[in-house]
Amino acid sequence: MISFEPELSDARDNGVLTPATAARLIALQRREVFSLFGEVRALAWIGAMLAASGISLLISNHIKDIGVLTMQLVLAAAAAGCYAWTWTRRDRQSLVSDSILLLGGMIASADAGWIASDSRILLFLAVFHAVGAYVYKSRSLLSLSIGALAGWLGVERNLDMLVSRNLDLALRGFGCAAILALWREIDRRVRPSTTFTPVFEHTAITFAFWSALIVATNNDTASTGLLITLILAAASAHFAFRTNTETFLLYAAIYSALAIDAWAWNTFNTTGVRSLVVLITAVAVVAILFALHRRFRK
Amino acid sequence: MRPSVAEERAHAILDQLDDWTLASEERSAFGKRLATQWRRNSVFVAAAFFGLTVFAMFALIALCKSIGATEFAAAAIAIAGAEVLIRRKRMFGSGIESALFIGGLIAFIGGLPSGNTKDAMLVFAAAFALAAWRMQNAIFGTIGAIFVALYFSENWQAHHDYWRVAMVPLALTIVAIVAKRWIGQRPWIDAFWSYVAIVMPLVAEVLGQFATYDSHGRIERVVLYVVLALIAIVAGLHLRDHALLIAAAVCIAIAAFEAHDLTELALEWKLIAGGVSLLAISGLLSRALRGRTTGFVATPAQLTRFDELIKLGAAMAAQPEKHAHAETTNPDMAGTDGGSGSFGGAGASGEY
Numbered sequence: 001m002i003s004f005e006p007e008l009s010d011a012r013d014n015g016v017l018t019p020a021t022a023a024r025l026i027a028l029q030r031r032e033v034f035s036l037f038g039e040v041r042a043l044a045w046i047g048a049m050l051a052a053s054g055i056s057l058l059i060s061n062h063i064k065d066i067g068v069l070t071m072q073l074v075l076a077a078a079a080a081g082c083y084a085w086t087w088t089r090r091d092r093q094s095l096v097s098d099s100i101l102l103l104g105g106m107i108a109s110a111d112a113g114w115i116a117s118d119s120r121i122l123l124f125l126a127v128f129h130a131v132g133a134y135v136y137k138s139r140s141l142l143s144l145s146i147g148a149l150a151g152w153l154g155v156e157r158n159l160d161m162l163v164s165r166n167l168d169l170a171l172r173g174f175g176c177a178a179i180l181a182l183w184r185e186i187d188r189r190v191r192p193s194t195t196f197t198p199v200f201e202h203t204a205i206t207f208a209f210w211s212a213l214i215v216a217t218n219n220d221t222a223s224t225g226l227l228i229t230l231i232l233a234a235a236s237a238h239f240a241f242r243t244n245t246e247t248f249l250l251y252a253a254i255y256s257a258l259a260i261d262a263w264a265w266n267t268f269n270t271t272g273v274r275s276l277v278v279l280i281t282a283v284a285v286v287a288i289l290f291a292l293h294r295r296f297r298k
Numbered sequence: 001m002r003p004s005v006a007e008e009r010a011h012a013i014l015d016q017l018d019d020w021t022l023a024s025e026e027r028s029a030f031g032k033r034l035a036t037q038w039r040r041n042s043v044f045v046a047a048a049f050f051g052l053t054v055f056a057m058f059a060l061i062a063l064c065k066s067i068g069a070t071e072f073a074a075a076a077i078a079i080a081g082a083e084v085l086i087r088r089k090r091m092f093g094s095g096i097e098s099a100l101f102i103g104g105l106i107a108f109i110g111g112l113p114s115g116n117t118k119d120a121m122l123v124f125a126a127a128f129a130l131a132a133w134r135m136q137n138a139i140f141g142t143i144g145a146i147f148v149a150l151y152f153s154e155n156w157q158a159h160h161d162y163w164r165v166a167m168v169p170l171a172l173t174i175v176a177i178v179a180k181r182w183i184g185q186r187p188w189i190d191a192f193w194s195y196v197a198i199v200m201p202l203v204a205e206v207l208g209q210f211a212t213y214d215s216h217g218r219i220e221r222v223v224l225y226v227v228l229a230l231i232a233i234v235a236g237l238h239l240r241d242h243a244l245l246i247a248a249a250v251c252i253a254i255a256a257f258e259a260h261d262l263t264e265l266a267l268e269w270k271l272i273a274g275g276v277s278l279l280a281i282s283g284l285l286s287r288a289l290r291g292r293t294t295g296f297v298a299t300p301a302q303l304t305r306f307d308e309l310i311k312l313g314a315a316m317a318a319q320p321e322k323h324a325h326a327e328t329t330n331p332d333m334a335g336t337d338g339g340s341g342s343f344g345g346a347g348a349s350g351e352y
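Going down the list, the protein sequences come from chains H and Y. Mind the numbering: the first sequence is residues 1 to 298 in the working numbering, read in order. Mind the numbering: the second sequence is residues 1 to 352 in the working numbering, read in order.
Among the hints, a few may not be true.
A short, non-exhaustive set of chain Y residues, derived as facing chain H with CB atoms under 10 Å [to be verified]:
1) T53
2) D241
3) A249
4) A253
5) I272
Simulated from the structure, these hints should not be mistaken for laboratory data. Owing to the predicted nature of the structure, the values given are computational and were not obtained by experimental measurement. From the three backbone atoms N, C-alpha and C, an ideal C-beta is built for every residue, glycine too.
Take these sequences, add in the hints, and give me the full structure.
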């Protein structure tokens, strides 16, 4: 066990920390106050995901035995129960409410999937979860909404998409990123106190970079993909400095390196040249990032 | 040359300073007091630098081989580079020097003549142990411990005996739980025992399953992991240590996996029952902790800085995927055998 009590006592004795602050922090070091916040939240979240997975399996294995209508009604009732339970506790401090709400949203998604298999149901789900996100001020429901929107647009959300070389998929990814950027802007203007902005920003830039990498890994469009990635990287780095959000600088550096290497791989044939380009790129990106990172911290 | 105990402790405090509730003047003054000569990065930035440098290491090795130089040349360049960054530039915990150091050691091992797999495990364990000591890196130390477990597993695998293979990682788990009781000075040593306690039960289960070629659950294993979980919970609550509580959760998950075919209940019902039970337990805990200000509390604090990100990402990924123009063969029975394919929702998109 590690304890930083000596450092805190020293800081108090030298007037760096007030006695009250030091006493509070020392109590934490002595474990006189021990928060189980993370553990309880994690348990609730794992519970919600397990239950949702079980329900999904239940549907696929027993839909014929139970009947579509009965299953739909039961799922709708279960989802409504989750939403109602969370609504009745919206004014109380509860560590599980968000997970129950997420479970309700996922059950609603599963239920909607059995009402209609048409892709428009995903658009309906995107709208439904978005309304839920605003009513409950829930970023979890917002994530479900964005996931459904991406699904409706046909954007896959796995690492395989990066090497798919599917330009149609890349275009859909750019479209999804643009919609999220627009949604973010409207949300910020309509609700100045919104907490959704980071979710939109990180998701939109990720979709945009992944789409650019798809273009860069395609033999026929490698140069175009590289150019798009570098433009996006410049915009991301500018945004990082403007908003003091370092993560966007990292996105810019990492995705640029990947795009340059993909381009080199498609352009050169010999291992030596390819390795040299990759090495120079990686060293240059590390050096630039390190220099910018130091400036960033100032 | 590496950070002294006082410097390392100062770094550990700086890492968690943002999580502590302090007035901005106090935070600033305390931060200045803890400042050291070493250039470091936050975990997220260091991970990015580490990844980029590992990328460069692969390219360096490939380049050395393509021009007729061996992996030893790449190893010498990388390790020398790491030492220069540490000694001249005072970089420690930036992610770059640690990637160069471990990359150099692995390149060196790659250049050695191929021997048997068993010895290779020990060589890798030694390399990671050396890197852990030099870089004060608990993750390298944990990977070294995993290679030690792999070494014994390779030696005893022919017996196809779960217990023989799982013995070493399980023993390491117990050692780690006991070691957490010691009051140490070096934060990385404490973190090392935490990681070992969390990872080793999983290593024991995986190696045991591989050795026996048998995925059937065994009641004696269920009992073992439940007992181990209870030990970790009691120790975690007694010491008030988050890592031991996580280790207990890992043991319970393994016990649940081992128990999966001990009952006739269908998987979906087990998942639902498990999920509802966890939700109920967390609800009861939340209620019990509400309003408490001393002892066990539920004061908002993050288990990791990225838990929110992980949760949101998982929720997003769990949503169904479907091409906008996908065709369905039978809209009336959507999702059934006669209906569409990739639709699931509720956390497990199903390829029915």
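Which of the numbered hints are not met once you compare them with the structure shown? none
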